[in-house]
Structures are given as structure tokens and as C-alpha cells.
Amino acid sequence: MTTYVLAGGCFWCLDAIYRRIKGISEVVSGYTGGRIEKPTYHDVSRGDSGHAEAIQVTFDESVIPSDIILDMFFLSHDPTSLNRQGADVGTQYRSAMFYADESQKAAFESALGRAQQHWDDPIVTEIKPLTTFYDAEAEHQDYYNRTPGNPYCSVVINPKIAKVRASYAQWFKEEI
Numbered sequence: 002m003t004t005y006v007l008a009g010g011c012f013w014c015l016d017a018i019y020r021r022i023k024g025i026s027e028v029v030s031g032y033t034g035g036r037i038e039k040p041t042y043h044d045v046s047r048g049d050s051g052h053a054e055a056i057q058v059t060f061d062e063s064v065i066p067s068d069i070i071l072d073m074f075f076l077s078h079d080p081t082s083l084n085r086q087g088a089d090v091g092t093q094y095r096s097a098m099f100y101a102d103e104s105q106k107a108a109f110e111s112a113l114g115r116a117q118q119h120w121d122d123p124i125v126t127e128i129k130p131l132t133t134f135y136d137a138e139a140e141h142q143d144y145y146n147r148t149p150g151n152p153y154c155s156v157v158i159n160p161k162i163a164k165v166r167a168s169y170a171q172w173f174k175e176e177i
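Numbering of the sequence shown is given in the working numbering, commencing with residue 2 and proceeding in unit increments.
Worth double-checking, as some hints may not be accurate.
[What the hints assert, rightly or not] Okay, derived cross-link-like pairs now, PhoX-like style, lysine-lysine, Cα gap no bigger than 25 Å in a straight line:
no.	residue 1	residue 2
1	23	106
2	39	174
3	106	129
4	174	23
5	164	23
6	39	23
[Stated by the list, open to error] Listed next, with one range per pair, are the computed distances between beta-carbon atoms:
no.	residue 1	residue 2	range
7	152	103	34 to 44 Å
8	107	46	14 to 24 Å
9	68	48	28 to 38 Å
Think of the hints as simulated: they come from the structure by calculation, not from any bench. Please read these numbers as outputs of a predicted model, since none were measured by experiment. Just so you know, even glycine gets a beta-carbon here, dropped at the ideal spot from N, CA and C.
Take these sequences, add in the hints, and give me the full structure.
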């Protein structure tokens with residue numbers, strides 16, 4: 002099993018996408034890359050803790066290649082937008098990849114290079130060493146599936162799922 006820590010705007014979006022992908026065994030929403038220990042959603046949402054909203058995604062490379070996981074990441078958000086995704090603004094919504102070792106760093110750099118071919122503007126995604134990953138509070142885990150009627154889910158998350166599904170339909174589970 003392989004685990005990546007990725008940040009691409011609100012963690013609810015990435016969580017909702019990756020939970021629908023074959024070969025994913027776990028998705029955890031959380032915070033990383035900041036300056037304080039054990040941050041809360043309130044700490045991070047103020048924008049001054051230095052943390053990014055991120056997910057920890059664990060998958061089986063014998064089922065789904067790591068390149069597909071990373072290419073989905075770059076498709077699921079705008080990696081050319083600095084410290085914002087749509088109406089979500091602040092460093093906590095930055096695009097970032099946090100590597101656990103040098104092989105992950107190389108895989109992330111390679112994925113960024115592949116992705117740049119699809120964007121006119123330069124990609125601003127940070128590639129940084131992984132520090133402590135803190136699980137987000139329970140209400141943020143699997144948010145989309147627990148609150149499908151929430152307007153944010155309909156307006157922001159649904160289009161992202163549809164976009165990734167359009168390019169990677171064969172990797173989507175039939176039911177979740």
C-alpha cells in the first residue's frame with residue numbers, strides 16, 4: 002500500500018473524488034505543512050497556522066497505478082491558482098504535494114511535469130517534505146457522502162467529481 006498526502010483546495014473535494022476510485026483503501030482529511038501542533042479546523046481556517054487542508058490517500062498500486070492517482074490530483078483542481086480554489090481563498094487552500102521520501106518526491110515532480118503540458122499558466126503546486134499530518138475533526142471525514150444536500154457539495158464538489166470521472170471512468174467504483 003502507498004500513501005500520498007495531497008492538498009488541492011478544500012479537503013472535502015479531494016476526499017469525495019478519491020473515495021470513489023478503485024484501489025483506494027483509505028482517505029483521511031486533515032492538516033499539514035503548518036507551524037502549530039494539533040491544529041483545529043478553526044486554527045487552519047483563520048489562515049495563519051500555515052497548514053494546508055489536505056488528504057492522506059492510501060491505495061494499492063497493484064490495482065491503480067500511482068501515476069493515475071497523481072494525474073487525477075492535477076485534474077481535480079486548478080494547480081495554477083495560488084492560495085485559492087474558486088471562492089476558497091487563503092494559504093490553507095494552496096495546491097501542494099507532501100512527500101514522505103525521495104521516491105515520492107520524484108513521482109510528484111514527474112506528475113507536475115506531465116500536468117504542466119495541459120495548462121497555459123505555470124503550475125504553482127508546492128512539493129514539500131511531509132511533516133506531521135493531523136487528522137481533521139470527525140465532521141470533516143467523508144463529508145460529501147454524509148451531507149449530499151449541502152449546497153457546497155452540489156455547486157463545488159459535484160462538478161469536480163464529474164470532471165475526473167469524464168477522464169478516468171474506468172477507475173471509478175460502480176457504487177460507493
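Here's how the hints hold up against the structure:
no.: 1; hint: 23 <-> 106; verdict: holds, 24 Å
no.: 2; hint: 39 <-> 174; verdict: violated, 34 Å
no.: 3; hint: 106 <-> 129; verdict: holds, 8 Å
no.: 4; hint: 174 <-> 23; verdict: holds, 6 Å
no.: 5; hint: 164 <-> 23; verdict: holds, 17 Å
no.: 6; hint: 39 <-> 23; verdict: violated, 31 Å
no.: 7; hint: 152 <-> 103: 34 to 44 Å; verdict: holds, 42 Å
no.: 8; hint: 107 <-> 46: 14 to 24 Å; verdict: violated, 33 Å
no.: 9; hint: 68 <-> 48: 28 to 38 Å; verdict: holds, 32 Å
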